[in-house]
Amino acid sequence: MKKSNKYLIQRAGWYIVGFGLFFAPFAFFQKILISVFKLEGSGDIHGACFRMGVQSLFTGKGLSLLTTSGIIVSLLLVSALLLGPLFCGRFCAAGAFTEYISRIVPEKFKINWQKYINPTPVRYGILAGFLIVPFLSYSVACSYCNYFLLEKLASGNIGVLGSTTIITGLFWLIIFGAFTKGGRGYCSYLCPVGAIQSLLHSIGAKFGFTYKLKFTKEKCVSCNLCVKDCPMGALQSVDKLLKYNINNCITCHQCSHICPNNAITYGQGMSKWNEINKEEVKVPVVIDTRRV
Amino acid sequence: MKKENIKKILIPTVIFVLSIFIVIGEGFYRTTLTKESISLGVAIPSDNAKPIVYDIANQSTPKRLVQPGKISLATGHGSPGIVNKGKDPIAVAVKAEGFSGNVQITSKDPSFVTETGKFTNPIQPGKDLNLSVILDISRKEIKNNSVSNGNIQFTDYNTGKLLATIPVKVINSKVRALK
Numbered sequence: 001m002k003k004s005n006k007y008l009i010q011r012a013g014w015y016i017v018g019f020g021l022f023f024a025p026f027a028f029f030q031k032i033l034i035s036v037f038k039l040e041g042s043g044d045i046h047g048a049c050f051r052m053g054v055q056s057l058f059t060g061k062g063l064s065l066l067t068t069s070g071i072i073v074s075l076l077l078v079s080a081l082l083l084g085p086l087f088c089g090r091f092c093a094a095g096a097f098t099e100y101i102s103r104i105v106p107e108k109f110k111i112n113w114q115k116y117i118n119p120t121p122v123r124y125g126i127l128a129g130f131l132i133v134p135f136l137s138y139s140v141a142c143s144y145c146n147y148f149l150l151e152k153l154a155s156g157n158i159g160v161l162g163s164t165t166i167i168t169g170l171f172w173l174i175i176f177g178a179f180t181k182g183g184r185g186y187c188s189y190l191c192p193v194g195a196i197q198s199l200l201h202s203i204g205a206k207f208g209f210t211y212k213l214k215f216t217k218e219k220c221v222s223c224n225l226c227v228k229d230c231p232m233g234a235l236q237s238v239d240k241l242l243k244y245n246i247n248n249c250i251t252c253h254q255c256s257h258i259c260p261n262n263a264i265t266y267g268q269g270m271s272k273w274n275e276i277n278k279e280e281v282k283v284p285v286v287i288d289t290r291r292v
Numbered sequence: 001m002k003k004e005n006i007k008k009i010l011i012p013t014v015i016f017v018l019s020i021f022i023v024i025g026e027g028f029y030r031t032t033l034t035k036e037s038i039s040l041g042v043a044i045p046s047d048n049a050k051p052i053v054y055d056i057a058n059q060s061t062p063k064r065l066v067q068p069g070k071i072s073l074a075t076g077h078g079s080p081g082i083v084n085k086g087k088d089p090i091a092v093a094v095k096a097e098g099f100s101g102n103v104q105i106t107s108k109d110p111s112f113v114t115e116t117g118k119f120t121n122p123i124q125p126g127k128d129l130n131l132s133v134i135l136d137i138s139r140k141e142i143k144n145n146s147v148s149n150g151n152i153q154f155t156d157y158n159t160g161k162l163l164a165t166i167p168v169k170v171i172n173s174k175v176r177a178l179k
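Those protein sequence lines, which keep their order, are chains A and B.
When we follow this note's numbering, the leftmost residue of the first sequence carries the number 1, and every step to the right adds one.
When we follow this note's numbering, the leftmost residue of the second sequence carries the number 1, and every step to the right adds one.
Be aware that a few hints might be false.
To be verified - With the Cβ distance kept under 10 Å, some of the chain A side facing chain B (calculated, not the full set):
#: 1; residue: Ser35
#: 2; residue: Ser42
#: 3; residue: Asp44
#: 4; residue: Ser137
#: 5; residue: Tyr144
#: 6; residue: Ser163
Stated by the list, open to error - Just a sample of chain B residues kept apart from chain A, beta carbon distances all over 10 Å, derived:
#: 7; residue: Ser19
#: 8; residue: Ala57
#: 9; residue: Lys87
#: 10; residue: Val103
#: 11; residue: Lys140
#: 12; residue: Pro167
#: 13; residue: Lys169
#: 14; residue: Lys174
#: 15; residue: Arg176
As the list claims (entries may be wrong) - As a list, the in silico SDA-like pairs of lysine to any residue whose alpha-carbon atoms are at most 20 Å apart:
#: 16; chain 1: B; residue 1: Lys108; chain 2: A; residue 2: Ser35
#: 17; chain 1: A; residue 1: Lys243; chain 2: B; residue 2: Asn5
#: 18; chain 1: A; residue 1: Lys115; chain 2: B; residue 2: Glu4
#: 19; chain 1: B; residue 1: Lys169; chain 2: A; residue 2: Val160
#: 20; chain 1: B; residue 1: Lys7; chain 2: A; residue 2: Gly162
#: 21; chain 1: B; residue 1: Lys7; chain 2: A; residue 2: Asp239
#: 22; chain 1: A; residue 1: Lys243; chain 2: B; residue 2: Thr120
#: 23; chain 1: B; residue 1: Lys70; chain 2: A; residue 2: Ile167
#: 24; chain 1: B; residue 1: Lys70; chain 2: A; residue 2: Leu153
#: 25; chain 1: B; residue 1: Lys8; chain 2: A; residue 2: Asn118
#: 26; chain 1: B; residue 1: Lys108; chain 2: A; residue 2: Ala24
#: 27; chain 1: B; residue 1: Lys35; chain 2: A; residue 2: Gly162
#: 28; chain 1: A; residue 1: Lys228; chain 2: A; residue 2: Tyr266
#: 29; chain 1: A; residue 1: Lys31; chain 2: B; residue 2: Pro110
#: 30; chain 1: A; residue 1: Lys243; chain 2: B; residue 2: Ile9
#: 31; chain 1: A; residue 1: Lys272; chain 2: A; residue 2: Lys181
#: 32; chain 1: A; residue 1: Lys181; chain 2: A; residue 2: Asn245
Calculated directly from the structure, the hints in this document are not laboratory data.
All C-beta atoms in this analysis are idealised placements derived from N, C-alpha and C, irrespective of residue type, glycine included.
Excised from the complex, chain B in its bound form (with noise of 0.2 Å):
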């Protein structure tokens, strides 16, 4: 009898403490995936936006095997965003270009117009705006050691001035360069 009451007390209290290591484990996994999606932040207008270089290699295996092409790069999650580091309000439009496969553009501010990428309210002075830039390339692709190269670029659509590029980089670095 005793020994059935061990029983009842010490497995479950085994299963308890197995599971709090479980989420444990979960928060730890998290961070060894900061590189499956990348933040975007530049401060506009800018003239040398830092460039993003996102290698396919850093993906773990359950992105690697059922999406490996797809690629977020977005503002938010501890980014410091695009903001306007200028005086004066600024209309923004913004354009990706030079990208192999589809690009979607999309943010959650409701003044973004999808279809031209413009964002219709201006941009205040020390304000951020949402953006998301999402990369859909393909698997074919994915197996070249330089996978995909292009621009994200930020234009005033009221002056047509240029107020910042981005140049993103996407590599798999587990392919070998070709010499």
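Chain A extracted, bound-state conformation (with noise of 0.2 Å):
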């Protein structure tokens, strides 16, 4: 079995296990910190919201460490300065459920839509648009969730569902899902929690201590493998250059698996990403002249 294949299943085993620590009926994490640290919370998604939680702490209302949800999200935000976003790249099923079911659909039903609309701008316009949106009164923490909207299916009764709620489903399983490439669209554009991360990691990595995706430029060979790996469309073949943008990476380590050459790498370090495109990483371009 090719070892990117292997690694996908990998992968999948980790998005299972993140399932059961978070989502009911199992939500084994919060549950542990309800019944052995006997913390606040709810036995569901609920308790480990991360979207009202990151919305509570940016916004001033504070977030209260002796509660489940308080615990998780400030492990989400360190563990995305530390380590890259983890959460994203190893536990979420939300994105992962709508990434395996893109898999399926074949390559020309798919858009890559960051080829055509930098995720970046998006993504923390997305956030900063989460931020504000309590202090105008309004509220789309619950509205617009996914991750609810997962819990609802894989309980296999949907309940009563809200137009947000449909219009989620729209737009996470089926226009940024299964016919987007790589199926992480959602992900790319309108999570707010991995726009977060993500803004974590790209000033955490800027330290040598911390995890990060690195590049060495020597080893690579130019195949493009991994940028049609990438779930998240965070590496891009842009005029014959290999541009990475850590802003849209979630560290899932697709890419370092499927690299032939071990030219991408996951450690300390500095990344080497930046010094590539000053050099530019030609992809060649072989002509057919039989047909010319």
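Assemble the dimeric complex from its two separately framed chains, guided by the hints.
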């Protein structure tokens, strides 16, 4: 079996673990925090609500560390700073669900949105809007939540769906899910939880002691396999240049596992991605002279 | 070169600002949907619980297209809930009567038994209970002006006393009433 396919299965295992940890009916992480550490919280995804937690933290409402949500959001933010978007790349079952569905859909039916619209300003704009709306007395934390929708789908009983949930399902599962290259269009463009993690990762990656994806230009043979397999479109071939967008990377390590020459690795130290754009890594163009 | 640099800064900035407005628009849209679900609230015991009127016409387009017949009446999200305003604990049973179509009554309270509609732990004075009532109405019935009428009844299953009755009327004001 190809190394990349083996790693896909390995990642799927992690996402199943993530589902068991944070989503009802299991939500083991919340239940351990409630029963063992006597913290306040809910034994379902609301007890790990990153959306409400992030919103409360950055809009001055504050976040109590004596709650399941407080602990989980704190871990999320610290891990993002030191290790990259660990939750997104390892444990988020909502993002993984659409990624794996999209892998079944033929390429010709999928759109590579990240090639046409840079996700960075969009996802940070969505994050900024997410943090601004409470000051306008609006609420979007629960209304457009794909985590809760996944929990409903997994329970086998979707119950009553409101209009905003239906719209979320349409974008998360279909437009930005199954029919998007990589299947993680919702993660790329619309998820404020992923955006805050990416923001922290882009800051943390400037320090040598944090973990990040690193590039060794000398080992790269410009095969473009990493570009094709990146679920977030964080790696793009633009004008025959290999471009890495750390603001859209979830450090899932799919690229490092598909690279035949270990040109991409994960660890401490300097990333060296910026250096390659200065010297231009060119993707060779082969012209078929038989048809000329 | 300068034009390229301006483009590199201007376009992402415009997209960033547009994205903020998209979220603000999402928030505004959400406020127009408050009537898509109904908050349940009554103080028990009560002789005159406020009737609930649900108008299908208040549903927004996505709801109307995908799931118009599934209606939620629930405590939480700002509602005072079902509160024991008495001085003694009450053993509460919940029942839905008179509705056409299926009715599903659930609660996050672990003491609630779905099959019997009973809260096995009595509700203490001043405390409230979590409840969700889901009405499932066929698309055929939604095309009537008067869609469905029924009651949600709260009884004390130890004494048999009726604690409260909430009349619920589901209408579709987009359809003209028959004379």
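Violated hints, by number in ascending order, as checked against the structure: 1, 7, 20, 22, 31
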